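A.B. asks: Spelled out from the first residue to the last, the chains are:
2 protein chains.
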Amino acid sequence: MDYALLLDSYVKHRDVGAWPRQRVLHECLREAIRSGALSTGTRLLATRALAQELGMARNSVLYAYDQLATEGYTRPGRQGTIVMPVSVSSPRGGATQAPAATLSRRAASLRTLAPPSGATTGFAPGVPALDEFPLALWKRTLERAWRSMPASGLNYGDPAGEPQLRAALADYLRGARGVQCDAGQVFITAGTQDSLDLCAHAFADAGDKVWIENPGYLGALAAFRGAQLKPIGIATDAHGINPDSADWRRHRPRFIYTTPSHQYPTGSVLSLERRLSLLAHARASGALIIEDDYDSEFRHDGPPLPAMQGLEDDAPVVYLGTFSKTMFPALRIGFLVTPPTLAEPLRALLARSAPSGRAAEQLALAAFVRDGQFAQHLRRMRRLYRQRRDALVAALEQELAGLGTVHGASAGMHLAFQLAGRGVSDVAVSEAARALSLVAPALSTHATGARANGWNGFLLGYAQVAAEDMGPLVATLAQLVRRAATASAMRGKP
Amino acid sequence: MDYALLLDSYVKHRDVGAWPRQRVLHECLREAIRSGALSTGTRLLATRALAQELGMARNSVLYAYDQLATEGYTRPGRQGTIVMPVSVSSPRGGATQAPAATLSRRAASLRTLAPPSGATTGFAPGVPALDEFPLALWKRTLERAWRSMPASGLNYGDPAGEPQLRAALADYLRGARGVQCDAGQVFITAGTQDSLDLCAHAFADAGDKVWIENPGYLGALAAFRGAQLKPIGIATDAHGINPDSADWRRHRPRFIYTTPSHQYPTGSVLSLERRLSLLAHARASGALIIEDDYDSEFRHDGPPLPAMQGLEDDAPVVYLGTFSKTMFPALRIGFLVTPPTLAEPLRALLARSAPSGRAAEQLALAAFVRDGQFAQHLRRMRRLYRQRRDALVAALEQELAGLGTVHGASAGMHLAFQLAGRGVSDVAVSEAARALSLVAPALSTHATGARANGWNGFLLGYAQVAAEDMGPLVATLAQLVRRAATASAMRGKP
Chain C
1 MDYALLLDSY
11 VKHRDVGAWP
21 RQRVLHECLR
31 EAIRSGALST
41 GTRLLATRAL
51 AQELGMARNS
61 VLYAYDQLAT
71 EGYTRPGRQG
81 TIVMPVSVSS
91 PRGGATQAPA
101 ATLSRRAASL
111 RTLAPPSGAT
121 TGFAPGVPAL
131 DEFPLALWKR
141 TLERAWRSMP
151 ASGLNYGDPA
161 GEPQLRAALA
171 DYLRGARGVQ
181 CDAGQVFITA
191 GTQDSLDLCA
201 HAFADAGDKV
211 WIENPGYLGA
221 LAAFRGAQLK
231 PIGIATDAHG
241 INPDSADWRR
251 HRPRFIYTTP
261 SHQYPTGSVL
271 SLERRLSLLA
281 HARASGALII
291 EDDYDSEFRH
301 DGPPLPAMQG
311 LEDDAPVVYL
321 GTFSKTMFPA
331 LRIGFLVTPP
341 TLAEPLRALL
351 ARSAPSGRAA
361 EQLALAAFVR
371 DGQFAQHLRR
381 MRRLYRQRRD
391 ALVAALEQEL
401 AGLGTVHGAS
411 AGMHLAFQLA
421 GRGVSDVAVS
431 EAARALSLVA
441 PALSTHATGA
451 RANGWNGFLL
461 GYAQVAAEDM
471 GPLVATLAQL
481 VRRAATASAM
491 RGKP
Chain A
1 MDYALLLDSY
11 VKHRDVGAWP
21 RQRVLHECLR
31 EAIRSGALST
41 GTRLLATRAL
51 AQELGMARNS
61 VLYAYDQLAT
71 EGYTRPGRQG
81 TIVMPVSVSS
91 PRGGATQAPA
101 ATLSRRAASL
111 RTLAPPSGAT
121 TGFAPGVPAL
131 DEFPLALWKR
141 TLERAWRSMP
151 ASGLNYGDPA
161 GEPQLRAALA
171 DYLRGARGVQ
181 CDAGQVFITA
191 GTQDSLDLCA
201 HAFADAGDKV
211 WIENPGYLGA
221 LAAFRGAQLK
231 PIGIATDAHG
241 INPDSADWRR
251 HRPRFIYTTP
261 SHQYPTGSVL
271 SLERRLSLLA
281 HARASGALII
291 EDDYDSEFRH
301 DGPPLPAMQG
311 LEDDAPVVYL
321 GTFSKTMFPA
331 LRIGFLVTPP
341 TLAEPLRALL
351 ARSAPSGRAA
361 EQLALAAFVR
371 DGQFAQHLRR
381 MRRLYRQRRD
391 ALVAALEQEL
401 AGLGTVHGAS
411 AGMHLAFQLA
421 GRGVSDVAVS
431 EAARALSLVA
441 PALSTHATGA
451 RANGWNGFLL
461 GYAQVAAEDM
471 GPLVATLAQL
481 VRRAATASAM
491 RGKP
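Order-wise, the sequence lines are chains C and A. Each residue of the first sequence is one higher than the last, beginning at 1 in this note's numbering. Each residue of the second sequence is one higher than the last, beginning at 1 in this note's numbering.
Source of the hints: derived by calculation from the structure; they are not laboratory data. All figures in this text were calculated on a predicted structure; none of them were measured in a lab. One or more hints might be untrue.
With a straight-line Cα cutoff of 16 Å, these simulated EDC-like cross-link-like pairs (lysine to aspartate or glutamate) come out [unchecked claim]:
(1) C:Lys230 x A:Asp205
(2) C:Lys139 x A:Glu143
(3) A:Lys230 x C:Asp205
(4) A:Lys230 x A:Asp208
(5) A:Lys139 x C:Glu143
Just a few of them, taken from the derived set where beta-carbon distance is under 10 Å, the chain A residues facing chain C [to be verified]:
(6) Asp131
(7) Gly153
(8) Gln228
(9) Leu276
(10) Leu305
(11) Glu312
(12) Val318
(13) Phe328
(14) Leu331
(15) Arg358
From the three backbone atoms N, C-alpha and C, an ideal C-beta is built for every residue, glycine too.
The following block holds chain C by itself, in its conformation from the complex (with noise of 0.2 Å):
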């Protein structure tokens, strides 16, 4: 064997830059044996005489065989250093090849839903206006919380979350949405679709059926498809979930989940009636609500309804919120609220399976919250907010005045623009938009069940689009539904 060859070789096809020599040399030997170029039995040169071969230092040859006999391709020994077998015994069926492995049933079965267009730009819904956050203080509360924070916050965390942001939490909600709780009932997530990810494995076991809206949120479509569960799309109307008796009947569900204060997206508003029916219905039937209350704390037309999770003593209610909207979605802090006799099982769970951390930042919006920071950043984006979706209802009702109504705008950061007759694929026409790098996502789409309910529309997040710009983004949406509208009453002529 000539070993200055070998290295050589070795050197020449690799790039080993900036290695240190005794690792390229050990990286070398180890690829030979591997190979076969250096055989099971062979005895390796002397570490004296390898040195002076390659003109490298022995400490440097020492440490190559080192290595290879601690990871077993070597054996040293007084005969000096002999190459080890490294073929091994075949599995049965010798060479086949069983094909390479691929994802899961369960998350294939995600392939078919829209993913999150992830735009910033157009109607991208979900999105709040990133460029008025008080991004200054937020960032001196953020290196506040992590100078007065003691060195075991960097160890792992409450596994249900930071006691002082749970407390500033139930305070929070006990007073502005009408949650009844403690800080025990609350447990801190990486955010909405942590959250549901959580409650579709501890509230439900593969094969269970539960509720979701039709059209409703994708995301929790994910959640549900993901844990297995069998998602029921139950119809959605413009006073939100609508279940008939023969659902409650046939479907009888695990849980619910529901968006009731701002549909998703129809932007529907549950009313009273039916949130007191759909709890004393799955109180009956044993099942929970998970009630997706993540656009609340924007109601732009008198102030926001309390939560049904408040509604009833004991209501068996889990309540999801996030941060994603009221702070900024990179945030990834979301929180529910279990009913009390879960609290505890919950907690035990979490225990075992979902280590936490991240105490600097949840004592900062602990702080956030708790200081008044947090209520003083929604007054100002609620005015924001409105003032966008006043222009554009204006802009849609000037525009596209015939062509459909608005829908679910009293709150939130999107409304639907339903349109008006079946001629129009909304589809079609958001794809269209797409092309003009305009984001107007279509409401049917959102299809949890059969063919979304009947809605066929847009879904139109106005956040982070400034009240002078609804106009010409409208203007081109209404062009494309015009034409579409043209085209579909020239198809229906003989």
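Based on the hints, put chain A in the right spot on chain C.
C.D. replies: Frame of chain C, contents of chain A only:
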């Protein structure tokens, strides 16, 4: 209806504190309607009259009436404000109440697992030396990342994680761990548990068999049970996981979870022969290997063994790593590296099911890794942990000579002390130690199959214990072991 009395009684029984009077009135009236004190069809007193009766501004009364109407409790009309029905059509079955919702079976199945102690005293494993972390340096890095981050960093992020961090990690893993990867195969997670949850769902379906080392890591067992997989505990000895041909024949796995660099909890290092055999068999049967390389950065006797992932081209390996041990647990950042063919499907899955963010933290970490501070910190910790390891081994050999053997001390932040003979129960001693505030988890509680494959002893974490404290702590443990051994010998006598 005496409204003043109603209000008076409401205020007496509620903690209305600093509420504005309009809110007190609103909530008082709502409760009266819900309780039936103000029954359906009742006409509320005119706003002017009520304001006068209660000595309140008329605007406050108007606010309360508006709220009630918005919420659907009343209907304003020309005849005045009328109380609406709040009773709802009762569900079938009338007054029967189903049992309240409980945890799912899959969640309840985790109850039998011992939760991590979370302690930072005694030999609690899994937590690094937090007081040695260069916190000031990290805070400066974090502040710089916040300063240089564009406003888009507040939005949802790349589903796979920040590109800069993924690139820095790919470089690091190629150089330090022999992992074959580019940045496109690297995915940022919220830590190993998050990675395990993701693998359990993305790479296996409910009911699929997966392998786990016995004894093994209970966090992995929790992830697999939570995803309704069927974990099979595979015998694990002094050289790591050791499946026999019957295992391959009878329990063909969807994936194999292993900790080859430093087996948890025994500390064994998986031999090269077994690594190659596992790869060959996995390939032949189409199984993935989940290689959890959690402790590889700390190898005390010689440089770390390269990762299994890099032993072969296109190895069927998903490689997991975490910053919980090398930085600090509260950071909640880990990562995984997929085979090239799974990168795109996983990315598409995450885009639908796992919103990402935390750009500032990820960018700070990328800078920390790229600029060498991470490597420098690791070098310091390696020295420190080696000293502590040496001190612990010396203390064990002095105090517990003849009662057992030290195992798996060549790497990581913990070692295993295996008791000689079966007379002493590790669980009993561990509980006695716990009563003295000394954490020394029993190896046998890490069983993932039949009786922990015979392991009986203690999992001793030493990262947080100063070298000079090892002696006294081990002396306490030794006393408890000796007492148990004596008691066992007495029982054994006729």
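A.B. asks: Now look at each hint and say whether the structure bears it out.
C.D. replies: Cross-check of the supplied hints:
| no. | hint | verdict |
| --- | --- | --- |
| 1 | C:Lys230 x A:Asp205 | holds (15 Å) |
| 2 | C:Lys139 x A:Glu143 | holds (8 Å) |
| 3 | A:Lys230 x C:Asp205 | holds (15 Å) |
| 4 | A:Lys230 x A:Asp208 | holds (6 Å) |
| 5 | A:Lys139 x C:Glu143 | holds (8 Å) |
| 6 | Asp131 | holds (5 Å) |
| 7 | Gly153 | holds (6 Å) |
| 8 | Gln228 | holds (5 Å) |
| 9 | Leu276 | holds (5 Å) |
| 10 | Leu305 | holds (6 Å) |
| 11 | Glu312 | holds (9 Å) |
| 12 | Val318 | holds (9 Å) |
| 13 | Phe328 | holds (4 Å) |
| 14 | Leu331 | holds (7 Å) |
| 15 | Arg358 | holds (5 Å) |
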